[in-house]
Amino acid sequence: MKKLYLFLAFLCGAAGATAQTYDLQFVPVRNDGIAAGRYEVRLQIRKGSGPDFKVGSSNIRFNYNDQGLTPLTPDPLAAEHHFDDGLNHPTLGIPTYTDMTSTGTLNGLASVNIDLDVPNFGFPTISTAWVDIATFAFTIDDPLQSSQLVFRTSAPGNTVIFADNEFTLLTQGTFIPLDEPLDGAAPLPIDLVEFSAKNDRTQALLFWTTASEKQGSHFEVEHALDGAVFKKIGSVEAKGESSVATNYAFVHKSPTGGINYYRLKMIDTDGAFAYSETRVLEFAFDQAGVSVSPNPFGSFLEMSLSWEAHTEITVALFDAQGRQLQVLWHGPLSAERQTLRFEGLDQLEQGVYFLRVQSREGKVVTSVLINQ
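Taking my numbering, I'd label the letters of the sequence shown as residues 1 to 372.
Be aware that a few hints might be false.
[Stated by the list, open to error] DSS-like mimics (lysine-lysine), calculated; alpha carbons at most 27 angstroms apart, straight line:
#: 1; residue 1: LYS265; residue 2: LYS214
#: 2; residue 1: LYS265; residue 2: LYS198
#: 3; residue 1: LYS231; residue 2: LYS253
#: 4; residue 1: LYS265; residue 2: LYS253
#: 5; residue 1: LYS265; residue 2: LYS232
None of these hints come from the bench; they were simulated from the model.
Given these sequences and hints, build the entire structure.
Shown next as structure tokens:
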């Protein structure tokens, strides 16, 4: 861990003067309920109070019941959902984060370690919605025990999370523990065995299968553009009571150009719920609907669009840091094929820019431009 405990005493005092806090929680993902079976939990973070933030180098530590659980070897990380070199947009040609690591000792202490490589380029933004960090896996030693998962809040060995400027230590907010039986007496509402997503050119096809259901109510299908802030886009009624495999499907008719994230929220009749793993699809609407020239550009740009007539769109220009510089166009298209010309761009500095086209229905196309 780099920079993690540097100037820690000073930062504790400085952070305490602000109202910027973060919350942590465990979400049960898998519980085989038998000795030598597998037990998995997902660690999540959100903003507690104060402004939104992005995560820098951090160390999330927690205790577990070492009489009932042993961290999976050689690596207890079953999945890294964010803050990892393979999951974040490269900055200046290098990953934003290095590979996420974890530790799990035999004395009931475990940790998940985040290492930011490029200061001030953390991803994604942490707001009031829960954001997945990682899925941590254990082997069940004694199913008669309970999990007893508790985040560490005091020194030595407490949890510390920095903002992506690498020197602001965020203040601990609400840490939600998890203590559930390891024998599966408190099972997830629905036994999900498969969840897949398919790109069908202009729409996303989602398929999932349950092995069994007990008091299942419904599935909420959730969608995100950044992998962090998910919104409900539909609902599918569950079978409810079933001991045989049941298949489901859902169609998302308006995905956006670029990366789309999908997950299921599985809810039972008592209101208990669990989330599925996240599935990712990429749609290249820009290849079919938008072309920009010249690129590199100088004083002007021309954009050719092949979208449905009367579609209302917004065309905006962003710099390399993602800051919106100018709205170049806002209004409906007069024809299915239309060319827009943008003048006066010679005032821009040389460098990389992003041109974002967004329709009222939510479709987004982003083009990378170079000004010379």
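Evaluated hints:
For a cut-off of 27 angstroms, the pair hint linking LYS265 to LYS214 stands: about 15 angstroms separates their Cα positions. A hinted pair counts as satisfied when its Cα atoms are at most 27 angstroms apart, and LYS265 with LYS198 qualifies at roughly 19 angstroms. Proximity of LYS231 to LYS253 is assessed by CA-CA distance (about 15 angstroms); at most 27 angstroms being required, the pair is judged to hold. For the hint linking LYS265 to LYS253, the alpha-carbon distance of about 19 angstroms falls within 27 angstroms, and the restraint holds.
A hinted pair counts as satisfied when its Cα atoms are at most 27 angstroms apart, and LYS265 with LYS232 qualifies at roughly 9 angstroms.
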